[in-house]
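Under this note's numbering, the first residue of the sequence shown is numbered 223, with each subsequent residue one higher.
Among the hints, erroneous ones may be present.
[Said to hold, decoys possible] Per label pair, the in silico range of CB-to-CB distance:
#1 Q359 <-> S395: 45 to 55 Å
#2 D542 <-> S497: 17 to 27 Å
#3 E586 <-> R482: 16 to 26 Å
Because the hints were derived from the structure by calculation, they are not lab data. Where is the CB? At the ideal position from N, CA and C, for every residue including glycine.
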Amino acid sequence: MGPIETQQPHSLSRKDEKEEPYKPAFPGCLITEDPVSDLSPLESTRVDESFQAEWTEPFELLTIPEDQFEDYGEVVSSCSMRSSNCRVHGSCDLSSMDPEVSSCSESVEKLSFLEDRILELEGENTQREETEQKLRQLNKDLMKKIYSLEEQMQDQKLQLEEEKQEIISQRDSCFHKAERKWCLEREKLNARIKVLQDDNVQFSQSVSTLNAQNRVLEKKVQSLVSEVLETAESLEKERESSRMWKDALNQEREAWQRERQEAAQLVEDLRCELSRFQRTDCELPCCNDRRSTHSLWEECEREKHRLAEENQSLREINEDLQDALLVQNGSLCFPHSIHRENSPSKPGSPVHSIAEEIDVCTQEQISALNEQKEVNRRLRQYLDRVILTVLEKDPALLEIKPSLSH
Numbered sequence: 223m224g225p226i227e228t229q230q231p232h233s234l235s236r237k238d239e240k241e242e243p244y245k246p247a248f249p250g251c252l253i254t255e256d257p258v259s260d261l262s263p264l265e266s267t268r269v270d271e272s273f274q275a276e277w278t279e280p281f282e283l284l285t286i287p288e289d290q291f292e293d294y295g296e297v298v299s300s301c302s303m304r305s306s307n308c309r310v311h312g313s314c315d316l317s318s319m320d321p322e323v324s325s326c327s328e329s330v331e332k333l334s335f336l337e338d339r340i341l342e343l344e345g346e347n348t349q350r351e352e353t354e355q356k357l358r359q360l361n362k363d364l365m366k367k368i369y370s371l372e373e374q375m376q377d378q379k380l381q382l383e384e385e386k387q388e389i390i391s392q393r394d395s396c397f398h399k400a401e402r403k404w405c406l407e408r409e410k411l412n413a414r415i416k417v418l419q420d421d422n423v424q425f426s427q428s429v430s431t432l433n434a435q436n437r438v439l440e441k442k443v444q445s446l447v448s449e450v451l452e453t454a455e456s457l458e459k460e461r462e463s464s465r466m467w468k469d470a471l472n473q474e475r476e477a478w479q480r481e482r483q484e485a486a487q488l489v490e491d492l493r494c495e496l497s498r499f500q501r502t503d504c505e506l507p508c509c510n511d512r513r514s515t516h517s518l519w520e521e522c523e524r525e526k527h528r529l530a531e532e533n534q535s536l537r538e539i540n541e542d543l544q545d546a547l548l549v550q551n552g553s554l555c556f557p558h559s560i561h562r563e564n565s566p567s568k569p570g571s572p573v574h575s576i577a578e579e580i581d582v583c584t585q586e587q588i589s590a591l592n593e594q595k596e597v598n599r600r601l602r603q604y605l606d607r608v609i610l611t612v613l614e615k616d617p618a619l620l621e622i623k624p625s626l627s628h
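Take these sequences, add in the hints, and give me the full structure.
If you want it as structure tokens, here you go:
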């Protein structure tokens, strides 16, 4: 009867649990809220299933309708009293006691069943206490792990806070440095912009003057280009005329060479004639008549006149050539002087260099003509001296004898 009374409050509290929120079954346990909450999902489901199997089955068997029994102790006492009455009054009328006997036998059966169930529940309670002990130990271990993890978490939080503060301080220092650097660069750029603006103003002011100077220079360049073209044309003309005069000079030189060769040939012929006359003088008799001398004198006079005429013709030709050269030199120098007066040029200009080249060419031609004149003059003097010497010393040498030629 004692174990039944101890289990009755549990059945009533179990009914109250269905209506009220969950309360821990073991208040003395160290588990704060739910001993299964710190386990893994698989272990928690297994523990929940074992708790449900252990707590629900016996209390469902103890549920008795309230309209039949108000208290579980009254039921047990009535059953015991009825069983004693049956034993004492066994000789009573069985027909009148059949309902009571049947009810009493049912109560005894129920009581035996309940005693067996209580034994089972006591065994299960011991097992439950063992599991509770294991769970308490597991809870202690878990709480130790939780405390260690919390300490580690706190340490990590502190470390993270320190790292965070360090990173924030580094970021602030970098930001301040970058801000100072940016401010310095901005000031430098502002100063540079001001300088560039001042330069731009100066350049814009000087652009107008440079444009005016550029236009003046373009006009000067155009005038110089036109002058250069005119000078090039005049130079081409002068080159053409100088080429013509060079050709004429070459022809004159060739003619002078031919005349020189002819004069040398004439001198050679005269020498041969002189040698022949000398040989013939030795052969001729010493006394010659005056007639032969007079004829020889006439022949010498005719030869003299012929040579004088040839010399005169050569002089006239030379004078004509000298006049033509003088006229050509004057035409070369006069346009150059007129051009120099009209358009004065600098010493280093192309016009001045072309004029100097023309002057050099004309000077070379004049020097060549002077040399040619000097050579002609010396040749004429030589020929005159030869003829005079022959006429003075031996005029008979110039005599032409027809008899000898035959």
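Hint by hint, here is what the structure shows:
1. Q359 <-> S395: 45 to 55 Å: Check passed, 53 Å falls within 45 to 55 Å.
2. D542 <-> S497: 17 to 27 Å: violated, 38 Å
3. E586 <-> R482: 16 to 26 Å: holds, 22 Å
Going down the numbered hints, you'll see the structure goes against just number 2.
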